[in-house]
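If you're matching them up, the sequences are chains W and E in order.
Take the first sequence: its letters are residues 0 to 607, numbered as in numbering that gives the first Met the number 0.
Take the second sequence: its letters are residues 0 to 607, numbered as in numbering that gives the first Met the number 0.
Check each hint, because a few of them may be wrong.
Heads up, simulated DSS-like pairs for lysine-lysine below, C-alpha to C-alpha not over 27 Å straight-line [claimed, not checked]: (1) 83/E - 578/W; (2) 14/E - 47/E; (3) 375/W - 578/W; (4) 150/E - 150/W; (5) 4/E - 14/E; (6) 150/W - 578/E; (7) 65/W - 83/W; (8) 4/E - 65/E; (9) 47/W - 83/W.
With beta-carbon atoms standing in for the labels, derived distance ranges [unchecked claim]: (10) 164/W - 573/E: 23 to 29 Å; (11) 422/W - 140/E: 52 to 58 Å; (12) 112/E - 113/W: 43 to 49 Å; (13) 229/E - 122/W: 56 to 62 Å; (14) 391/E - 271/W: 45 to 51 Å.
These aren't lab readings, by the way, just hints derived from the structure by calculation.
Yeah, the Cβ is synthetic: ideal placement off N, Cα and C, and Gly gets one too.
2 protein chains.
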Amino acid sequence: MIQKKLEVRYQPFDKTTRVPPGTTLFSAAHWIGLPIDSTCGGRGTCGKCKVQVLEGGAEITTADRKQLRPGELEAGWRLSCQAKVYEDTTVSVPELLRVPKAATMGVNRLVLLDPNVRKVYVELTEPSLEDQRSDVERLRDALTAEGFDMKSDLRVLRTLPAILRAAEFKVTAVLGGDQLIAVEPDDTREQSYGVAFDLGTTTVVGTLMNLRTGMAEAVRSTLNGQAPFGADVISRISHGMQGDEAKDELREAIQRTMNGILAELYEAAGVDRNRLYEMVIVGNATMLHLLLGIDATPISMMPFTPAFREPLYLPARDVGLDIHPAGYVQTLPVIGAYVGADIVAGVIATGLAREDKLRVFVDVGTNGEIVLGSVKRVLCTAAPAGPAFEGSQIRCGMRATDGAIEGVTLTDHVELQVIGGDIPPKGICGSGLVDTVAQLRLAGLLDAGGKMRSREEVPEHPLSDRLITVDGVRGFLLAENVYLSQRDVRELQFGKGSIATGIKVLMDVMGVTAADLDEVLLGGSFGSYLNPESAKIIGLVPPVDVDRILSVGNTAGEGAKMSLLSFRERQVAFELPEKIEYVELSGRSDFNDSFVSVLAFPELESLR
Amino acid sequence: MIQKKLEVRYQPFDKTTRVPPGTTLFSAAHWIGLPIDSTCGGRGTCGKCKVQVLEGGAEITTADRKQLRPGELEAGWRLSCQAKVYEDTTVSVPELLRVPKAATMGVNRLVLLDPNVRKVYVELTEPSLEDQRSDVERLRDALTAEGFDMKSDLRVLRTLPAILRAAEFKVTAVLGGDQLIAVEPDDTREQSYGVAFDLGTTTVVGTLMNLRTGMAEAVRSTLNGQAPFGADVISRISHGMQGDEAKDELREAIQRTMNGILAELYEAAGVDRNRLYEMVIVGNATMLHLLLGIDATPISMMPFTPAFREPLYLPARDVGLDIHPAGYVQTLPVIGAYVGADIVAGVIATGLAREDKLRVFVDVGTNGEIVLGSVKRVLCTAAPAGPAFEGSQIRCGMRATDGAIEGVTLTDHVELQVIGGDIPPKGICGSGLVDTVAQLRLAGLLDAGGKMRSREEVPEHPLSDRLITVDGVRGFLLAENVYLSQRDVRELQFGKGSIATGIKVLMDVMGVTAADLDEVLLGGSFGSYLNPESAKIIGLVPPVDVDRILSVGNTAGEGAKMSLLSFRERQVAFELPEKIEYVELSGRSDFNDSFVSVLAFPELESLR
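All chains should be modelled from the sequences, with the hints used to inform the complete structure.
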């Protein structure tokens, strides 16, 4: 009944991902940077995204029958945008698209390849006594003729005369918007790269994108180097409040992390740093402040104001990041102190503010960021959820690394899914915690008020020997030395209660009920690993049909990549802070009232 | 008959300048940074520029009689804009204007005080849960309400939250155009400074201007630190061609020179570096290229193209200049490889392109830059003049420093004006050279072809014993060990011939003759020291009435100051390259033809 995480392997790239059941082969591939061709945006009409299933399986859909020949169907070919996985699967992907005009990214979002960085090859007329235009004018005039504006840059100017003459005035101009980033000898249009960075408080992910093809060439992630200064944004800000040196420490730590990722990406993709012209960075408001060396103190204090919300386009050297020396950094805008550029990217990736469907998007973490809306109106808020979902403050909690229980099924015995495969479980990560609590509810071992049964209360239950008491506190034994305690349940109740209340406040403000919701999207580095059904059972999300609760992956990273590849998507992101209404929960009486009422778990009957 | 340089002293400032006879007390004061009050722009109608003559004298003019009371006239009060000096003079200047709405600068140019740098004091509403705008938005909204646009800056953002809160949200925003340069606690509007730099190949002059009052607070000049790498632009460029290290040497040398001047200016004016937000830099194209580290090689080679001509607005830190860390450098545009931003500034300072009068402006130096025109049409060119005018390549030549003969009068004896007063002359500087040749022509000791008389040819001449022969070459003895040789005359003939030809070519292209010229303006660091009558006698300038030949001072520096104080003047400067037609002399057959015909000196009769 509870869905396990499934493994999907893509050949010939030998890339693997773990996704919730029901994810399409197409989306799962995109999330790990394999852009399967598509021009229809996942509507099943272009037929370009077909893949061959080698192991596992996918049902034949109506779209498959229209687009594929009987022989192809028989050989296992399927449209990847329609094929949902319900078992571990291995597929073969035909050659990836080299120069896609469009790619499907995020949550079935069709993105036209139109990056802000453009390379223009020009053959300039050489100077003469009759034509003494300066080198810059010569270049600008040629670019203007091709329809491009150009603002010159001191660094480019310095070597422009030598480069023009060495290249006999045949050069490629690199523009970031209308900012001249480089002038390169000869035709280098084939080599154009950017990086999308998802700057998480815990984890930093960088994806090196080929701006010519729209393909991800390499992905690397690592822990945020600021971790020694605190696990969450508040402790990071507190560290920075110790003085300028502490602020510098924080800035340098994240710069080192990002430059380390960049170095790995260059090596992995075989890309020259000087061909990487632009990066798009998303992250919460605090992470962006700390990266840029901007005082973040007021974010941590009433009334919670960031120094800036606007998108910034900054020389990469000013931010201390090692891309092309005249390259640029683009940050996406933030909506409020606790609804950051990662959420803006998520809205882009989900298309939430563009479609008719009414959806709620929840990024679960220490803070639960919630966006509710459709093309008509969009509301957002941030609900403080505490550390439970990230596995901290939990008796046997741990981060989602090897040995962590990430999935749990309770029948007459305990079935565990452990990260790393057949190794002894060492603890419980966030998704395992949610699963355990949900399964205990289903197994009748946890009441709606959150109280765990004791062995004495349910002596006949097949799992009653798992009910233990440690230091006078009840618990449920998952494995040797790994158990869920009654206190852990309380932690989770507070966390889910806060997020659930945030969702409820937004629905109340908009005047809608759960019945009006078309979809619930679980995103973020943690949220996308949550089992949708468990999320529903513990009452984290509104009681909608479980098919409508979707894990949408790393929406922040997807939105960053989309903004890197598409100038239009970036513009949409820029406008979101104007469009999205922020609802502040602090000091709202309905938040406090609701909060108490949603601490309890839903009655199971109410969910049927 | 020949006019000597005159000394004018201004009290109570105890500032002194040396100017050609006929200069007004008002202009002379402005050239050394004493902005005598005026609202009429030197038309003698506002009466605000009155000064009291303490020593020397100035005739009473009609304007004086209208504006001043008889008692004032008797006490020596004169309108400084009307009072021309014809003897050494000391005047007392009433308190200088504190906040002028307008100042007269350059050549009687009325400049409205409207600097590009603006300081705006705002009292922001403090953030609350109901108003969670970011700090930047809070500031921007307040500035917008006052009519100002604002682009934020990373450096300002870094400390904005702390500054706003420490100052209880009462701050002064500093804008350079729409670029945010600083946010300062409290009301600092009174403290706003900029620097105008005239970046000469030989001499660098910096003037620290109070942007609030329009007054010059301090002026400093020094030799260009690039001098060890060559005296002229070609040798500097040649040095830079040795490689990147040599280019760096050049850039660092001029940066050191300018930063040295800045340090002196701060100390002299008692101004904090952090209150100096913007600098306007003018100079020839090569100097601007070398300062910015831009490859200047093509300037020195056919077909003579600069890397850029456009005005650049650059962060001062990128140029390595020590003003406010987020301050800006504005360079004025250049017209061509050899008609630089100094000439653009000169056109601004003289108003040449704005007035009905047809004028020719000549900046005499190693290159003679020539601008001919009026509001209707403007032409310009550059004529290679060789080093004669700067005192090099002359047998007893020297720069215009102590001991240099700067003025000569020949009657029945030799009268010398020596820089430094009563000290033995050591050599001849450019203006002394021109004077000597002109005086020899008047004394009948030099024929129109440029041949010097020998003692044998004119035994009766009172100066015949001054006619000498050194190593078989004729010469004229000015003082012990200081003489003008026949070869020096030839050098000067080539130099003045080149410039005169340039002027003729421009007049031909425009279809005008000397009779059409309203004025001839001699400018630049050397040209303004030239005796107008001598310039006419040697045929450097067209044969117009000597009253119409004006020394106009350091027009480059004046234009830079005007561009610093007036955004409108700066805009006019930006548009000049579009408006001014550049005439290239290289390869023009009429240049070569004319050149030969103007090598000779004019017949004296033709000048009467």
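Tested hints:
The suggested pairing of residue 83/E with residue 578/W is violated, with an alpha-carbon distance near 67 Å, which exceeds 27 Å. Restraint check for residue 14/E and residue 47/E: the C-alpha separation of about 20 Å stays at or below 27 Å, so the hint holds. Between residue 375/W and residue 578/W the alpha-carbon distance is near 10 Å, which keeps this suggested pair within the 27 Å criterion. Distance restraint check for residue 150/E and residue 150/W: the Cα-Cα separation of roughly 16 Å lies within the 27 Å cut-off, and the hinted pair is therefore satisfied.
A threshold of 27 Å between alpha carbons decides the hint, and for residue 4/E with residue 14/E the separation of about 16 Å falls inside it, so the pair holds. Proposed proximity of residue 150/W and residue 578/E is supported: the alpha carbons are some 22 Å apart, at most 27 Å. Taken as a hint, the residue 65/W and residue 83/W pair is honoured in the structure, with Cα atoms around 17 Å apart against an allowance of 27 Å. This hinted pair does not check out: residue 4/E and residue 65/E have alpha carbons roughly 30 Å apart, beyond 27 Å.
Taken as a hint, the residue 47/W and residue 83/W pair is honoured in the structure, with Cα atoms around 17 Å apart against an allowance of 27 Å. At about 28 Å, the CB distance of residue 164/W to residue 573/E agrees with the hint of 23 to 29 Å. Checked against the hint of 52 to 58 Å, the C-beta distance between residue 422/W and residue 140/E comes to roughly 57 Å, which is consistent with it. At about 47 Å, the CB distance of residue 112/E to residue 113/W agrees with the hint of 43 to 49 Å.
Between residue 229/E and residue 122/W, the C-beta spacing of about 36 Å breaks the proposed range 56 to 62 Å. Checked against the hint of 45 to 51 Å, the C-beta distance between residue 391/E and residue 271/W comes to roughly 49 Å, which is consistent with it.
Hint check: violations occur at hints 1, 8 and 13; the rest are consistent with the structure.
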